[in-house]
Amino acid sequence: MSSITPADVEVGAKGDGGAPGRPGRVSFGGMSLNLRSSGIYIAFAAIVVLFSVLTDGALLTPQNISNIIVQNSYVLILAIGMILIIIAGHIDLSVGSVVAVTGALAAVLMVNMGWPWPLALLATLVAGALIGAWQGYWIAYFGIPAFIVTLAGMLLFRALTLTVLGNQGIGPFPDQVRTLANGFTDGYLGNIGLGPLGGADLFSLLIGVVAIVGMFTAQWRSRHARLGYGQSVEPMALFVLKLVAGAAVILFLVVQLARFKNLPWVLVLLAILVLAYSMMANRTVFGRQIYAIGGNLQAAIMSGVKVKSVVFWIFVNMGVLSAIAGIIFAGRLNQAGPTAGNSFELDAIAAAFIGGAAVQGGVGKVVGAITGGLIMAVINNGMSLIGSPSERVMLVKGIVLLAAVAFDVWTKRRAGASR
Amino acid sequence: MTEHILRMSGITKTFPGVKALQDVTLSVRQGEIHAICGENGAGKSTLMKVLSGVYPHGDYEGEIFFEGKRCEFGGIRDSEHAGIVIIHQELALSPQLSIAENIFLGNERAKRGFIDWNRTNYEAGELMKRVGLRENPTTPISDIGVGKQQLVEIAKALSKKVKLLILDEPTAALNDDDSAHLLDLLRGLRDEGITCVIISHKLNEVTAIADSVTIIRDGRTIETLDMVTDHVTEDRIISGMVGRALDNRYPPHEPTIGEEALRIEDWTVYSPSQPDRKVVDGAALTLRRGEIVGLAGLMGAGRTELAMSLFGRTYGVNISGKVFKDGKPITIRNVQDAINHGIAYASEDRKRYGLNLIEDIKRNISAAGLKSLAKRGWVNENEEYRVAEEFHKSMNIKAPSVNSVVGKLSGGNQQKVVLSKWIMTEPDVLILDEPTRGIDVGAKYEIYTIINHLADQGKAVLVISSELPELLGLCDRIYTLSEGRITGEVPRQEATQESLMHLMTKGQE
Numbered sequence: 001m002s003s004i005t006p007a008d009v010e011v012g013a014k015g016d017g018g019a020p021g022r023p024g025r026v027s028f029g030g031m032s033l034n035l036r037s038s039g040i041y042i043a044f045a046a047i048v049v050l051f052s053v054l055t056d057g058a059l060l061t062p063q064n065i066s067n068i069i070v071q072n073s074y075v076l077i078l079a080i081g082m083i084l085i086i087i088a089g090h091i092d093l094s095v096g097s098v099v100a101v102t103g104a105l106a107a108v109l110m111v112n113m114g115w116p117w118p119l120a121l122l123a124t125l126v127a128g129a130l131i132g133a134w135q136g137y138w139i140a141y142f143g144i145p146a147f148i149v150t151l152a153g154m155l156l157f158r159a160l161t162l163t164v165l166g167n168q169g170i171g172p173f174p175d176q177v178r179t180l181a182n183g184f185t186d187g188y189l190g191n192i193g194l195g196p197l198g199g200a201d202l203f204s205l206l207i208g209v210v211a212i213v214g215m216f217t218a219q220w221r222s223r224h225a226r227l228g229y230g231q232s233v234e235p236m237a238l239f240v241l242k243l244v245a246g247a248a249v250i251l252f253l254v255v256q257l258a259r260f261k262n263l264p265w266v267l268v269l270l271a272i273l274v275l276a277y278s279m280m281a282n283r284t285v286f287g288r289q290i291y292a293i294g295g296n297l298q299a300a301i302m303s304g305v306k307v308k309s310v311v312f313w314i315f316v317n318m319g320v321l322s323a324i325a326g327i328i329f330a331g332r333l334n335q336a337g338p339t340a341g342n343s344f345e346l347d348a349i350a351a352a353f354i355g356g357a358a359v360q361g362g363v364g365k366v367v368g369a370i371t372g373g374l375i376m377a378v379i380n381n382g383m384s385l386i387g388s389p390s391e392r393v394m395l396v397k398g399i400v401l402l403a404a405v406a407f408d409v410w411t412k413r414r415a416g417a418s419r
Numbered sequence: 420m421t422e423h424i425l426r427m428s429g430i431t432k433t434f435p436g437v438k439a440l441q442d443v444t445l446s447v448r449q450g451e452i453h454a455i456c457g458e459n460g461a462g463k464s465t466l467m468k469v470l471s472g473v474y475p476h477g478d479y480e481g482e483i484f485f486e487g488k489r490c491e492f493g494g495i496r497d498s499e500h501a502g503i504v505i506i507h508q509e510l511a512l513s514p515q516l517s518i519a520e521n522i523f524l525g526n527e528r529a530k531r532g533f534i535d536w537n538r539t540n541y542e543a544g545e546l547m548k549r550v551g552l553r554e555n556p557t558t559p560i561s562d563i564g565v566g567k568q569q570l571v572e573i574a575k576a577l578s579k580k581v582k583l584l585i586l587d588e589p590t591a592a593l594n595d596d597d598s599a600h601l602l603d604l605l606r607g608l609r610d611e612g613i614t615c616v617i618i619s620h621k622l623n624e625v626t627a628i629a630d631s632v633t634i635i636r637d638g639r640t641i642e643t644l645d646m647v648t649d650h651v652t653e654d655r656i657i658s659g660m661v662g663r664a665l666d667n668r669y670p671p672h673e674p675t676i677g678e679e680a681l682r683i684e685d686w687t688v689y690s691p692s693q694p695d696r697k698v699v700d701g702a703a704l705t706l707r708r709g710e711i712v713g714l715a716g717l718m719g720a721g722r723t724e725l726a727m728s729l730f731g732r733t734y735g736v737n738i739s740g741k742v743f744k745d746g747k748p749i750t751i752r753n754v755q756d757a758i759n760h761g762i763a764y765a766s767e768d769r770k771r772y773g774l775n776l777i778e779d780i781k782r783n784i785s786a787a788g789l790k791s792l793a794k795r796g797w798v799n800e801n802e803e804y805r806v807a808e809e810f811h812k813s814m815n816i817k818a819p820s821v822n823s824v825v826g827k828l829s830g831g832n833q834q835k836v837v838l839s840k841w842i843m844t845e846p847d848v849l850i851l852d853e854p855t856r857g858i859d860v861g862a863k864y865e866i867y868t869i870i871n872h873l874a875d876q877g878k879a880v881l882v883i884s885s886e887l888p889e890l891l892g893l894c895d896r897i898y899t900l901s902e903g904r905i906t907g908e909v910p911r912q913e914a915t916q917e918s919l920m921h922l923m924t925k926g927q928e
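Residue numbers (the numbering used here), protein chains in the order written: chain L, 1 to 419; chain V, 420 to 928.
Keep in mind the hints are simulated off the structure, nothing from the lab. There may be inaccurate statements among the hints.
[What the hints assert, rightly or not] Quick look at which bits of chain L chain V covers, simulated, 3 or more residues with Cβ under 8 Å:
1. 223-231
2. 257-267
[What the hints assert, rightly or not] If we take Cβ atoms under 7 Å as the criterion, some of the chain V residues that face chain L in the derived model are:
3. Y541
4. V754
5. E767
6. K794
All residues carry an ideal CB built from backbone N, CA and C; glycine is no exception.
Kindly generate the complete structure, drawing on both the sequences and the hints.
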């Protein structure tokens, strides 16, 4: 939930180990701000403010926030897997088709064959993993560029979907699956009937409070551990400011959601995934090796990184995440359709690049990709609220993607020139 | 005295921080084969790049006269237009195109924008006859061997009406038959009146083919000799090439030599691009604890290939031979195996093989030994910082903090990061490939001190270097490598630059 920490300000040592010391920084009275890694959060905040104003606040109403999250959850889940692949210097064009085929499989198992839903979900995730393993084999061990393998996969798995489904959807799904995809946490503890929080669900609020306390404790302990090792940390004022800002965002989000229908289950799932994958990327040997491969493949090989195995497993992972997205998408529509997941791969790739991934690989963050996805989500939602036609939305999204990557290339070139 | 076709005088070329050429003079007579000899890094290739316009006029100081006219080349096209063609060691052919297409690449035989295929293939056939290449002009380049590809390059030069042909290490990648054929061809071209400049490390070839030789050392012309009137022998050339100034000081070091740490026997490696060519041929080496061993060899001798093939088969195909660690035979299938057996290799090309330039110091240092900082796959980032900070201090890495990006450090500091990375894996054997390449003198001294220190800790160190003074100043024992074979093993007390250079240029008997 600390994913929405607004700006990644650094002084000397920095926390989550993203991209310290990179070029493109500006200075505010002694504090230096890394534009390349924090620009994305500033841009997100600016876009939210812009559309709040343009829509007279409609953007941030409880129901609309809930809609944005639920409607984009599957693309955000895909973006988590995609950023890892892009960091390693590869690409996956097949995720949209994999979403479709796994959704269709889940539907066949649950609806046509009457499997119990937990078993069917498990089988679908395994199928996703196998699809990822198939593509990972060709890419990592056979040496075919990921672009080609996953382009073929895009066709193959779409063809498979059409074969399974014919030309019609399969539904409806069991209630539990629909709840996971489209439902909300129950109001276990009843409502608060007080003042501005009128009608807010107490349970959701408690979760929000727990999340904030968790964030405070984790940040505080990591700060202390670092001080114990004699590392420099950001000034206390800045530290507190960041925490307070993060807490405010969480609290606002939770209160708004609690006033609508409580927390969407997909938000809970998404939060767990973001947290788990951020930690995996930064703090595990496997995660570090992904960055090493993307940063300099030859050097990674010469440092003993088993490149083939790492690449294989990130594609397996992408397959599993695609299956999760496939289930959620099908569950939300309450049927698995032949056109499910069309162009999701493009949204996921765009999210990763808007979120600060480098075209050459080696750079990127899970939280960045989520922010990139949310930027597109807010643009989509905000522009439709003010009644823009869809072609104009597409135009704006295209420009945003180009601008984000142009910014990345520009900061890198400037860094090269200053050397 | 025949007239000079080329006179270069007072050529000085400066790179940031380094004078690559200093007041170099080169005079080449009309219709001769002129050899240029010098150690690696002496400035031979830079001089040829000045001549061929790779470094355009204004980028260097000095004057070039070709056929009596002052030349100010703005690029390769200008020099080719004047009749100067350079053939680089790395051939510049397009593998999927045919021989004929390659010969006329950029110089197409065309009518109104359309290629005249009959003329292309006919003229290519004529040129191929001149260079003795019996192939169909429509054969793709990828289907013919490197020796024949070299001939295509020469045919391409002839198609441009070449007057002065420059060949950079033309026989380095060729087998003996192809080399002999190439040298015959050069003699034939000389008889047709084409002047040749050849850069070569193979002194037996130089003495066999050249009419005169210019020796370059440390970016300066040492002398130009006429092969006949000056009675030039291989020894004569060697004495000009070596004797590089001993301007680097070396920290004193008294070795404590212990047990054998690593031994290889009958190590043979084939080239991945030409699977019939041996790059390393039956090499045997022994490294002992506490000892610094040098490996001397000229460009193309197979030094890096030997090291990389040993380090987890990262180079070469059909690798055979035995490896013993602490007396016991071991098998190394990949880099992880090598690291597990306590072997470390710091590459000569640290930007390509050694560092993740967009990452910070601490993550580069931990890249190879990350597992020692992790519990069940989770990295302890605070430990990582502490370890990196230790190296930051002990290796004197000049950077504000271990969070600084490695790409912005100087060469010397980058090298210290690479060394830290390998020291962190706690190796018994360190192979350091050109550890001081591109590093300023002060940092070199620091690196030497670190190497001595590593030996004092009981590690076996193999230093690969082109700089003979460095090997003589640093090593306890020196192996020489020539054309993939170990040609000598000399204790430091008995080694001189001349004796080493003799062994390094020793051809196949």
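Hinted contact V:E767 with chain L - closest CB pair below 7 Å: 12 Å, violated
Residue hint V:Y541, partner chain L, criterion CB-CB below 7 Å: 40 Å, violated
Proximity test - 8 Å, beta-carbon atoms, the stretch 257-267 of chain L to chain V, at least three hits: Coverage by chain V is violated here, the residue count being 0 at a Cβ distance below 8 Å.
Satisfaction of the V:V754 interface hint, Cβ to chain L closer than 7 Å: It holds, given that the least Cβ distance between V:V754 and chain L is near 4 Å, below 7 Å.
Closest C-beta approach of V:K794 to chain L relative to 7 Å, hint status: Given a least distance of 10 Å, the restraint on V:K794 is violated.
Verdict on chain V covering the stretch 223-231 of chain L, where coverage means 3 or more residues with a C-beta closer than 8 Å: holds (count 6)
Checked against the numbered hints listed earlier, the structure breaks hints 2, 3, 5, 6; every other hint is satisfied.
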